[in-house]
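Sequence order for the protein chains is A and B. If you count the first sequence from 1, position 108 lands on 108 in my numbering, and the numbers rise without skipping. If you count the second sequence from 1, position 154 lands on 154 in my numbering, and the numbers rise without skipping.
A portion of the hints provided could be inaccurate.
Since the list can't tell identical chains apart, any single copy or any two copies may satisfy a pair.
Taking lysine-lysine pairs in the BS3-like style, the calculated list, with each CA pair at most 30 Å apart, reads [unchecked claim]:
1) K161 with K147
2) K161 with K292
3) K51 with K78
4) K206 with K244
5) K295 with K206
6) K295 with K78
7) K295 with K117
8) K41 with K292
9) K51 with K147
10) K161 with K295
11) K206 with K147
12) K206 with K161
13) K240 with K117
14) K295 with K51
For the record, the hints were derived by calculation from the structure and aren't laboratory data.
2 protein chains.
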Amino acid sequence: MMNDQSRSLAFIGLGIMGAPMAGHLLAAGHHLTIYNRTRAKADDLISRGAKWCSSPVEAARDADVVFICVSDTPDVQKVVMGDGGVLSGARPGLIVVDHSTISPSATREMATALAAKGGFFLDAPVSGGDLGARNATLSIMVGGDEKQFEAVRPLLQCMGKTLTYCGPSGNGQLTKLVNQILVTINNLAVCEALTFAMSSGLDPQKTIAAVGGGAAGSWQLTNLGPKMIAGDFKPGFMIKLQRKDLRLAMEAARERGLDLAAFDLVHRLFEEAGQEGRDNEGTQALFAIVEKSAKQ
Amino acid sequence: MMNDQSRSLAFIGLGIMGAPMAGHLLAAGHHLTIYNRTRAKADDLISRGAKWCSSPVEAARDADVVFICVSDTPDVQKVVMGDGGVLSGARPGLIVVDHSTISPSATREMATALAAKGGFFLDAPVSGGDLGARNATLSIMVGGDEKQFEAVRPLLQCMGKTLTYCGPSGNGQLTKLVNQILVTINNLAVCEALTFAMSSGLDPQKTIAAVGGGAAGSWQLTNLGPKMIAGDFKPGFMIKLQRKDLRLAMEAARERGLDLAAFDLVHRLFEEAGQEGRDNEGTQALFAIVEKSAKQ
């Protein structure tokens, strides 16, 4: 049924991440049907040969693999379990690959529902941002049945560079949450360190150069530090999306009875950034919140 | 007076960092006089041609440049300002290079005292650990007179790879404190992320591999994460030395009226590690403190 050269694929959710990811699958020669809430975003892919469908179930009808890349848990639940959702037309053997970052427990529920129809649900959240999506250099963290992961590996390789099988259903999402805990606390470290540096009269650019290559180094320092110094808060990865991911991580930590003090702090600071109207700025805008609160 | 091929140098403080650093200067062909509180640590350098002296002032008497590498602010003050200290025999033009990590304000006081005798005091704390000292790959962050920094640059290049001039006296120390703020908060990020991962049943090694190459990546994750997982708390950089540096950074932050919440948190956690008898373990032992407190 699955031939590497011409699988029948469906892609649901053609936003800033999904559109270029779907484009890579199309470019690799696969039959691609697509669905998106807003049709206009599909025009480019349609002009390149993708077939438009008017509902998730219709997009999935003849597909071997259905990819989903939407925003939040309820969005995925609607695409999979809702009226006209993928589940309503799922055939045995169907593999659903969810690239959204959503709740690990909701993920396991959908995997169970799909398994009851003989299908498979892989959680496969990504990191690497819109640039990683466009350049096919995403990191993809996959949970679910390992055999099905191996079956879709060549497809994932069209979109990502680092593929990691993380274990049973939900483990891809949990790994993504680990990623976000690291990303945001490292971000906070840069905010506080630069606040200290600038308050001390140090040249912040020289300071980054002096410390960034050693034990103090991080992706966040190298990539967001210079933007913080310049007051350049253009997104990158938006505060509002980071807030959504932090909410998921906070829920998962609470389910496990974990009290993570630094993560709790950074979660509150991102909420504050949202309340101050910074939702559509990049995550480096956390610097403005930290700098202000440090001086109060 | 200063000939690159055979300067007269003195090195005071031959510990785990100072001994290999002094060795590099000796290997480069300079005349080296040495002093250390405990003479036994000087034996190797003496056998290689260094000249032993019985006090800092005696070691410095004929030196163009005096290097200091001891532990804390009072140790440097004693070496420089104490009875038989460097200052008591300082000639005009003497350059003192202090590689210790100490108080920025005490640094400025010593620079002023030395300037009154026509000498120069450069603060030049290092990062990169004992491995960096042995391999001459240290990062060296220098504050003080820029002309004097340029005069000793060839000597610093014998010991370090990344030399950064950070501005007036004390700015090398302040830059080192920025380094330690980043290092310790990034360390805390790894502790909390791995606590979350392991409590969630994820394979922590796979998790580091999945997230370490992207936006979540840091030196601390790559180098300390695997040791945390393995429960390998051998030093590296000892908790008690990190506590000393954090105390200096906390004092400097308070002098500036800064309230840095994540840094305050990690400072308290390192104090707790000290109280729990972990002073001689490596900084990755913070994981044991964080894991326990997260589950309380």
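### Message
Regarding K295 and K206, is the shortest C-alpha distance of 30 Å or less found within a copy, between copies, in both, or in neither?
### Response
within (23 Å within a copy, 40 Å between copies)
For K295 and K51, with the copy left unspecified, which applies at a CA distance of at most 30 Å: within, between, both, or neither?
The answer is neither: 56 Å in one copy and 51 Å across copies each exceed 30 Å.
_Status of K292 relative to K41 across identical chains (alpha carbons, at most 30 Å)_ = Answer is neither; intra-copy 39 Å and inter-copy 49 Å both fail.
Query raised in the report: Checking K161 and K147: alpha-carbon separation at most 30 Å within a copy, between copies, both or neither?
Result: within (20 Å within a copy, 48 Å between copies)
Within, between, both or neither, where K51 and K78 count as close if Cα-Cα is 30 Å or less = within (21 Å within a copy, 79 Å between copies)
Q: Tell me, please, which holds for K51 and K147 at an alpha-carbon limit of 30 Å: within, between, both or neither?
A: within (29 Å within a copy, 69 Å between copies)
Evaluate K295 and K78 at a C-alpha cut-off of 30 Å and name the case that applies: within, between, both or neither. neither (45 Å within a copy, 35 Å between copies)
Exercise. When no copy is specified for K161 and K295, does a C-alpha distance of 30 Å or less occur within a copy, between copies, both, or neither?
Worked result: neither (42 Å within a copy, 35 Å between copies)
Quiz prompt | Copy assignment of K206 with K161, given that the CA separation must stay at most 30 Å | solution = Answer is between; shortest inter-copy Cα gap is 16 Å, intra-copy 33 Å.
**Item:** Alpha-carbon proximity context of K161 and K292, limit 30 Å
**Value:** neither (39 Å within a copy, 36 Å between copies)
- Message: At most 30 Å between CA atoms: does that hold for K206 and K244 within a copy, between copies, both, or neither?
- Response: between (34 Å within a copy, 25 Å between copies)
With 30 Å as the alpha-carbon cut-off, assign the pair K295 and K117 to within, between, both or neither.
Cα proximity of K295 and K117: none, with 58 Å in one copy and 39 Å across.
The structure shown violates the earlier hints numbered 2, 6, 7, 8, 10, 13 and 14.
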